[in-house]
Amino acid sequence: MAKKVSFSIKPYVVKKLITCYKDQSINDACSLMAKNDIGTIIIIERKNKKKCLGIFTESDLVKKVISKKISLDEILEKVMSKKIVTANMDSSDAFVSYLMTKNKVKKLIILKDSKLCGIITQSDMMKLLSQEWLK
1 MAKKVSFSIK PYVVKKLITC YKDQSINDAC SLMAKNDIGT IIIIERKNKK
51 KCLGIFTESD LVKKVISKKI SLDEILEKVM SKKIVTANMD SSDAFVSYLM
101 TKNKVKKLII LKDSKLCGII TQSDMMKLLS QEWLK
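Going by my numbering, the first residue of the sequence shown is number 1, and it counts up by one from there.
Below 27 Å or equal to it, Euclidean Cα-Cα: the simulated DSSO-like pairs (lysine-lysine) are:
1. LYS10 with LYS35
2. LYS68 with LYS83
3. LYS106 with LYS83
4. LYS35 with LYS127
5. LYS22 with LYS47
6. LYS82 with LYS102
7. LYS16 with LYS83
8. LYS15 with LYS82
9. LYS69 with LYS82
10. LYS82 with LYS50
11. LYS51 with LYS16
12. LYS50 with LYS35
13. LYS64 with LYS22
14. LYS16 with LYS49
15. LYS63 with LYS35
16. LYS112 with LYS22
17. LYS106 with LYS63
What follows is a list of derived Cβ distance ranges for each label pair:
18. LYS68 with LYS106: 20 to 28 Å
19. ALA94 with ILE70: 33 to 41 Å
20. ALA94 with CYS30: 30 to 38 Å
21. ASP37 with ILE66: 13 to 21 Å
22. ALA94 with LYS50: 23 to 31 Å
23. LYS115 with ASP73: 26 to 34 Å
24. LYS127 with ILE70: 30 to 38 Å
Simulated from the structure, these hints should not be mistaken for lab results.
As the structure is a prediction and not an experimental result, all values here were calculated from the model.
Glycine included, every Cβ here is placed at the ideal spot set by N, Cα and C.
Start from the sequences and build out the full structure, keeping to the hints where you can.
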């Protein structure tokens, strides 16, 4: 029987978050995504910048905006993904993989003490697994 091995996600969590407010335009979010070469914007609350209200992804842009011919001047709240799946910074790779699979998501919001502190993606998880297994 194979030995179970678990790795910490901490080194692979992206902590430099690019964010928008729900009342900003889709165009604002797309400009930030292009400028920062990222595929996801985290939507936060104005009063509490550590509270995640949703995310806006390249997939949302294609499925909810372009395909439905919605104006880029529309606010993010109308098209952002409000289903947020979260994990704690102390979560294991196995648990994060389980959450992504169970919830059919490619990105997880990472919390520390119930506050927004990062994001981890499927790509980050692949880096984690490939680097940890090669050690």
